[in-house]
Amino acid sequence: MSALVDEQLLESPPEGDYKLPRITPHKTSEIVPWLRTPKTIWCPGCSNGTITRALIDAILGLELDAEKVVIVAGIGCSGRIAQYLEYSTVHAAHGRALAVATGVKVADPSLHVIVAMGDGDCSAIGGNHFIHAARRNIDLTALIFNNSIYGMTGGQMSPTTHTGDKSTTSLRGNVEAAFDLSELAHAAGATYVARGTAWAYRQLVNVIAGGIAHKGFAAVEAMAACPVYYGRFNLTADPAEFLKGQKKHAVPAGQFEEGESRLRDQYPVGLLHHSERAELVASLARKREQAQEAHHG
Amino acid sequence: MIVLSDALIGHMREAVTLPAPGSLRIAERGIPDCAPEDYDTVMSDLDNILPRPPLGSAFRVHVTGLVYNRRSGAPETGDPEVAGDLGRYLREKIYHHRDAIARVEEYEMKDAEVAIFAYGSVARSAKAVVKWARAKGVPVGLVRPITLWPFPTLAVDRMAAQVRTVIVPEMNIKQMSWEVQAAVSGRCKVIDFGRIDGKLITPAQIEELVKAELYYHDWERS
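As you go down the protein sequences, you meet chains A and B in turn. Position one of the first sequence corresponds to residue 180 (the working numbering), numbered consecutively onward. Position one of the second sequence corresponds to residue 2 (the working numbering), numbered consecutively onward.
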C-alpha cells in the first residue's frame, strides 16, 4: 500500500451499536486476480481505480464466496467496473443498474449483489430506481462513484455539481443546487448510509464492507477525484492536489457541523445513518409462504 | 425483446386465467460443457445459441450491452472488426431463427378470400369483424402478428398466396401496411387504414372496408 493510506484514520464513531468491519488492506498480488484486465479507460489521476480496489479489498476482507458475488453496474466512467472485475458481472443500461440488481437479488437471494453507479447514473438517469430501492430496503449495496460531473461524455454538469461550479454545460457557473446523495438515500429510506473518499482508503474499504455486510439497502457514496474534468474546471487538475482537497473537505461524521458549506467545502464521512427494518426479499419470501399455506391449508 | 403496448392494453380490465405455478417451462441457456477457467462464449453445440450460465456461478459471466469480442466475451468498443463480427453474428442468430421467433395467430384463414392483418388492440376489432362477416357467410380471416420483428414472413407468404385482398387497419399512418405491401409484393391487393386521432379503430370502421371490398355481396340480406 502507498504511504498515503497509512495517514488515513478518518473513522467516525459508529452510530448506535453498529460496528463497521475493520478490513486490513490486501496486497496488490491478492487484489490482481480479481481483475479481468490491467487496462482501463479511466483517465490518469482518476479515483475509480482506487475505489475499485477498495471494493475488492472489502469483498476479500469479508471472505465472501466469490461465486456468490454479482456486480451490476450502470453507464458512465464507473460503469466500466463491471467489465474489469473477475466476478459475475452485468453492465446494465443507463440508470437501470438498481432495477437489474433488484431482479438478480429477488431471483437468487443467496447472492451478494453490489451495484456500482456514477452520480449521474444513480441520481439523474436512475434517480427513481435509487429512491425506490432505498424505500423498499432491498438487500443491495449501492456503491456510488461521485465525481460531481459527467466525466465520460466530456464534463457536463450533473445533479451533484455544486452551485457555482463550472462544467462544459455551466461555463459561467452552475445555477442549480446539488444533491447530497447520502442524505437523499437516507430520506428515501436506506437503512445503511455511509460516505468515504478516495483519499481515505482504509475508511473507504470499511464503509463499503459495512454496506455489504448490512442486511438491507446500503448506500455507500465514494467521493471520487476527477482531475481531468471536474478538477480542471474548478479545483485543480493535479490529481494529488485533488486528493489533498478531499482530506481537507472530509470531516468525520461525529465532528461534522451542519452549515452552508455542506458538500462544497465540507462533508461528513464515515457511517452516517444506520437502522434496521424489514428487508424486501425476506418480506417477499414470508408473503409467499403465507400465500402457499393459505392455499394448501 | 421489446414489448409494445398501447393505451387500450394499458387500460384493459378483463378476467385472465394464469397458468398454475410451476407449469411454465423456464428456458435455460445451458451450462457450458467445460471447466470454468476454459469457458469461452463461442463454445457451443446449441444451434448457435451460446450457453449462458446463471449469474452467481463459477463461470463468472459478464453481461453487457456494449460491443464485445464474442470470443473472449470482453467489451471491445474500439475495434471495427470486432464490432462487425458481433453485429453479423447477432444478425445471423436472429435471421436463422426468425421463423421460430416470429409468432402469429391465424384466425378463420382456412378458406378466407379477404384477410385482415392487424396487431395490438386493433386485432380485437378485427377479430370481431371476422366473426361478423363469417356469420353472414363471407370468408374473411385474420392474421395477427404477435411478433412484429422479425416479421412473420412465412404467415404473410401463406396469406398472399391465398387471399386476393389484405386490409391493414393500424394505429399508425401506413407503417405496417408498407411492410405488408413489401412482403406480399404484388401477389394481392393491400388496403391501408390508419388512425392517429387518439381514438381506437372500431369494428364498424373495419366493417366498412370489408363491405367496400366485397361490394358485390348482398350485405342487406345476408
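Simulated from the structure, these hints should not be mistaken for lab results. Just to be clear, a hint being listed does not mean it is correct.
Per label pair, the in silico range of CB-to-CB distance [claimed, not checked]:
| id | chain 1 | residue 1 | chain 2 | residue 2 | range |
| --- | --- | --- | --- | --- | --- |
| 1 | B | Gly79 | A | Pro223 | 12 to 22 Å |
| 2 | A | Ala272 | B | Met13 | 52 to 62 Å |
| 3 | A | Ile210 | B | Ile27 | 29 to 39 Å |
| 4 | B | Ile10 | A | Gly433 | 53 to 63 Å |
| 5 | A | Arg465 | B | Ile10 | 26 to 36 Å |
| 6 | B | Gln163 | A | Ala272 | 57 to 67 Å |
| 7 | B | Arg14 | A | Leu350 | 50 to 60 Å |
| 8 | A | Asn307 | B | Asp7 | 18 to 28 Å |
| 9 | B | Glu93 | A | Arg465 | 27 to 37 Å |
| 10 | A | Ile210 | B | Met2 | 52 to 62 Å |
| 11 | A | Thr216 | B | Ile174 | 48 to 58 Å |
Values in this document were obtained by computation on a predicted structure and should not be read as measured data. Cβ atoms here follow ideal geometry from the backbone N, Cα and C, with glycine treated the same way.
Against the structure, the hints come out as follows:
| no. | hint | in the structure |
| --- | --- | --- |
| 1 | B:Gly79 <-> A:Pro223: 12 to 22 Å | holds (18 Å) |
| 2 | A:Ala272 <-> B:Met13: 52 to 62 Å | violated (28 Å) |
| 3 | A:Ile210 <-> B:Ile27: 29 to 39 Å | holds (37 Å) |
| 4 | B:Ile10 <-> A:Gly433: 53 to 63 Å | holds (55 Å) |
| 5 | A:Arg465 <-> B:Ile10: 26 to 36 Å | holds (33 Å) |
| 6 | B:Gln163 <-> A:Ala272: 57 to 67 Å | violated (42 Å) |
| 7 | B:Arg14 <-> A:Leu350: 50 to 60 Å | holds (52 Å) |
| 8 | A:Asn307 <-> B:Asp7: 18 to 28 Å | holds (23 Å) |
| 9 | B:Glu93 <-> A:Arg465: 27 to 37 Å | violated (47 Å) |
| 10 | A:Ile210 <-> B:Met2: 52 to 62 Å | violated (38 Å) |
| 11 | A:Thr216 <-> B:Ile174: 48 to 58 Å | holds (49 Å) |
In this structure, the earlier hints numbered 2, 6, 9, 10 are contradicted, and the remaining ones agree with it.
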